[in-house]
Each structure stands twice: as C-alpha cells, then as structure tokens.
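Protein chains in written order, with the numbering used here: chain A, 1 to 290; chain B, 1 to 254.
Think of the hints as simulated: they come from the structure by calculation, not from any bench.
Possibly wrong hints are sitting among the right ones.
Claimed, not checked - Calculated cross-link-like contacts (lysine-lysine; reagent style DSS-like; alpha-carbon spacing at most 27 Å):
| no. | chain 1 | residue 1 | chain 2 | residue 2 |
| --- | --- | --- | --- | --- |
| 1 | A | K214 | B | K104 |
| 2 | B | K130 | B | K104 |
| 3 | A | K187 | B | K104 |
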Amino acid sequence: MAAETAVRGSGADQLAGLDALELAGTGGPGLLSRVWGRVWPMLTAVGLVLVAWQLVVLSGRWPEYVLAGPITTFQELWARLGTAEFYQALATTMRRAVTGFALAVLIGLIVGAAVSRVRILRAAFGSLITGLQTMPSIAWFPFAILLFGLTESAIQFVVILGAAPSVANGLIAGVDYTPPLLLRAGKVLGLGRLQMYRHVILPASLPSFLAGLKQGWAFAWRSLMAGELMVIIAYQASLGEQLHIARELSDSPGLIGTMIVILVIGVVIDLLFESADTALRRRWGLRQPQ
Amino acid sequence: MTDLLTTQPAVRLADVSKVYGHGPRGLLALDRVSLSVAPGEFVCLLGASGCGKSTLLSLVAGLDRPTGGQITAPGARIAMMFQEPALFPWLTVSANVEMAMRVKGVGRQERRARAAELLETVRLGGFGRKRPHELSGGMRQRVALARALAQDADVLLMDEPFGALDAMTRDLLHDELERIWRERGLAVLFVTHNVREAVRLGDRVVLLSSRPGRVVEEFPVELARPRRTDSAEVATLAARITDRLREEVARHGR
Ligand SMILES: Nc1ncnc2c1ncn2[C@@H]1O[C@H](COP(=O)(O)OP(=O)(O)O)[C@@H](O)[C@H]1O
Ligand SMILES: [Mg+2]
C-alpha cells in the first residue's frame, strides 16, 4: 500500500486542485433564518384569516350564538385547555389515530411488498388499490357500522381502509422507480436477491414511501373525524364527539375551538412528515436550491 | 506481449451473439464476436455509439445472457464501472466503497480501513464521510472506481467511464487509471467511442462495427507508457484507426 499512497507529485496535486475548485461555495442560510423564513408567511396568513373572520362576524350576517368571533372562541378554547375532559377527548382521538395509522402502515407495507414483488398480484390488485384510494372514506361507514356496530372497530376499519392504500401505493411506486442503473450496480457488486432488497430497493424507495405515509396520514385523519362524528360511543369523549355535542347545544365558540384544535393537529403532523422529507432530500442531495 | 497470449485468458468470448427482441423484429446487437483479454492486459473496445459496446460488457459482467456463443472467465472475479457513477445516494462515500465487502460479510473495522485505503488510492483520502452529491462528477467517478476495486476483482470492465468528464479531468484520470492498473495487475476491458482515449490507454484497441456489432480489426498499441493523449505518436495511430472507423460508419449511409 505504501507505494500506492505515496503522492506522485504533479498528477495528484492537479487532481486535488480540480477537486477543490469544484467544491467551492456550498452552505446555505442558518437554521434560525430558515425557520423564520417559513414561519412568518404562516403567521401573516393566520392573521389575515382572523381579521377576515372578525369582519364577517361584525357584518352581522349571523348572530353571535351561531358564529362566534375569534376573541370569544379563543377565550372558550383557553378555558377548555384547562379541563380534564379536553385531554381525555384528545387522548381518545389520538389513540385511535395512532393505532389506526400504525395498523394501516403495517398492512400497507405487507400488501405493498407483496404486490410490488409478485407479478400476478400486481396485475390483479394494482389498480384496485388505486381505486380504493379514490373511495371517499365516509362512504364506508354504513357498511362498517353494519359489520361492527357502533364500536371502535368500525372506526378503525374505516381509518385503515382510508390510509393503507396510500401507504401500499407509496411503497409500490418506490420499488417501481428504483433506478435500473442502481440495480445493475448492485448486481455487479455481488448482491443477492435479499441483499438487493435490503441494500438497494428499500432505501431507493424511501422518498416515495415517505410520501405515501404522509398521504396515508391525511386520509387516516379525515376518516377518523368522519368516524367520530358518525359513530358516537357512549362515555368515550373524543374530538369528533365534541363537535357533535357543540352543534347540538349551539355552542358556537366550542365548535369552532374544537375545529381549530383538529386543524392544528393536522398541520403539526404534516409538518413532521415534511421535515422528515426535507431531511431525507438533503441527505440525498435531492433538494432544489432555494 | 507474446507470452500473455499463450497463458490462459482472463476473459474469453467465443462467437458471442446477442439479439434483442424476437423474430423478424429482433435486433441483432452483437454478431459472433470473439475476443480475449489476457491477465493484466488493457484492452480498449472502440466503436460508434449504438454498436453494442455496452451490451458486450453487460454480457461479460453477467447482467444479461448471450443469445449465442460462450463467455468464459476462468476463476475471474469481475468488477464493472458504468458511464454514470451509479453510487448509492443514501450512503456515504465510504459506505459505497464498502458495499461489496459488506455483502461478503467482512467485518466493519476491516471494511472501514480497506475503504480508506482505496479512497487514498483514487486520491480521495479524507472524503469518506461525504455523500456522493457533495462531490464533483470526476470525484464521483473515482469513488465508483474505488468501489469496483474493493471487489478485489481480476477483471475490470469500464463502460465509457470518463465520457461525461471535461478533458483536463479526463487526462488526469487516465494517468491515475494507468497507475492503478499497473499496480494491481488488472485485466481491463475499457469501452469508449473516443479514439484517442483508446490509444492513450490500451495495449490493444479492438474496433467494432455497428449493427450488427462485429470485430472489424484489432490494433496493437506498441507505444511506450506513460503516453500523452496529445502526443504525436498517439495522434498518428488514432488517425489510422479513425479512418477505419469512418469507413465502417459510412457503410451505413449507403
Ligand atoms: N435492452 C435493450 N432492448 C432492446 N434493444 C437494446 C437494448 N439495449 C441496447 N439495445 C440496442 O442494441 C444496440 C446496441 O446498444 P449498446 O450496447 O447500448 O450500444 P453502445 O454501448 O455501443 O452505444 C443499440 O441499437 C440499442 O438500441
Ligand atoms: Mg453504451
């Protein structure tokens, strides 16, 4: 090795020089300014919405007990944030969301892996999975209630049906679009079938799988809210149920406050997926210069 | 050179044909190509684009099967480099180089050390923790070379590996490749459509015709090494080969 590593003067120096020239000038803005760059447009948008909302309230088109203004709503929301019931409702909803989504991911993974591997399954179920995705989840509820009654299972059933196809599709697309060149490189490097899966196909399908997860989550969240409105289970407070009760009682601030909670949860989780996606893109060098 | 021919070749192709597709619409990409590469020999395969050079390398690498004929590589381990670096973007440079060892079950410590040595060999010592996208095209191609060398192969197949690089980088990489080839005693089958590159590097230049790909002529290159791409001797032989190549290409215009 000694002979190999001994630098042979000019050639190596020239290469090093070229390398240095090529690599000059990377590095973007710092974390703080990046975060701020993302946050201020959002804050502005929220501010505009609040102003518009207040204007509609002021116009007097609806009485205050039907459409509460932002101030009463946030007062009500603040008060609720101090009660145990709120956290129980939140916990029930999140438990349903997390278990439903986790099961959907598991099922989506299994189905996706099988369909992407086996040609016959692909022909049989490929378009069916995409078809399932276009089915509005609320249309499943009468059927789910018939099967399971007004139970947790009915809700879980629809949440899973809503999310699993997206997860499966994400994986299938990822496997399909594994660059053939990388497969060839893997083969030349001596990877067997399983090793190819482990070291090439799965990592290569990660971005697409992540997109599938994100979409699956969105579907799961929507299905869950529909489910909690349709399947009210006694003594099980949930966010959906609170919406339902608020409407029954014409509790406008409570209704809008709960909607805001639902919206915020959706946005926060979406941001989590997005930051995972950004981290992945940065690692792979897929990020477009901004 | 003559004793090389009497020993057993590292790779031998006997009447190898390759047809893409079936029946009358099938495309005859290679037509009874016979060729051998001796251990330690540097053979350049030259031809117009579309003449079946990549097809031939894929067959030798075992990525595809010949329709007819035989390919023998007695005991040879074969490594290959593509025109694009084909690095795994989710792995660091070092992990890319380690891949072949990893799937063979070489321990982590040893892999690391070997990868560092190989990166040193391609003049990329200290770049192991970078990711492929952080490197320039020429650097990525050197990582790909290190990754191929990590296979400890006896035969290295190279499919226009420097085709996408600028001339200056390419010249420097020719020097590096020649050095590594000599130090390791590799048999190299190097595909290019660049005549001067073929003459600069090869012990022998094999000219392929287009559609179907056939061996038209072989040119031994008996110029002293190291050669320069812009030297008069290289230019003279390159001109001869270019004329022959043009004749070959012109056949298709008629
Ligand atoms: N997978 C394939 N299926 C059908 N035709 C192919 C395939 N690969 C290559 N060919 C054809 O075979 C011929 C030789 O291709 P290739 O080996 O890539 O040439 P080269 O590398 O010399 O440019 C070309 O005409 C090309 O269109
Ligand atoms: Mg080619």
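Keeping to a limit of 27 Å between CA atoms, is the pair of A/K187 and B/K104 held or broken? 13 Å, holds
Would the hint linking A/K214 and B/K104 be met if the CA-CA limit is 27 Å? 36 Å, violated
Taking 27 Å as the top limit, are the C-alpha atoms of B/K130 and B/K104 close enough? 24 Å, holds
Violated hint: 1 only; the structure is consistent with all others.
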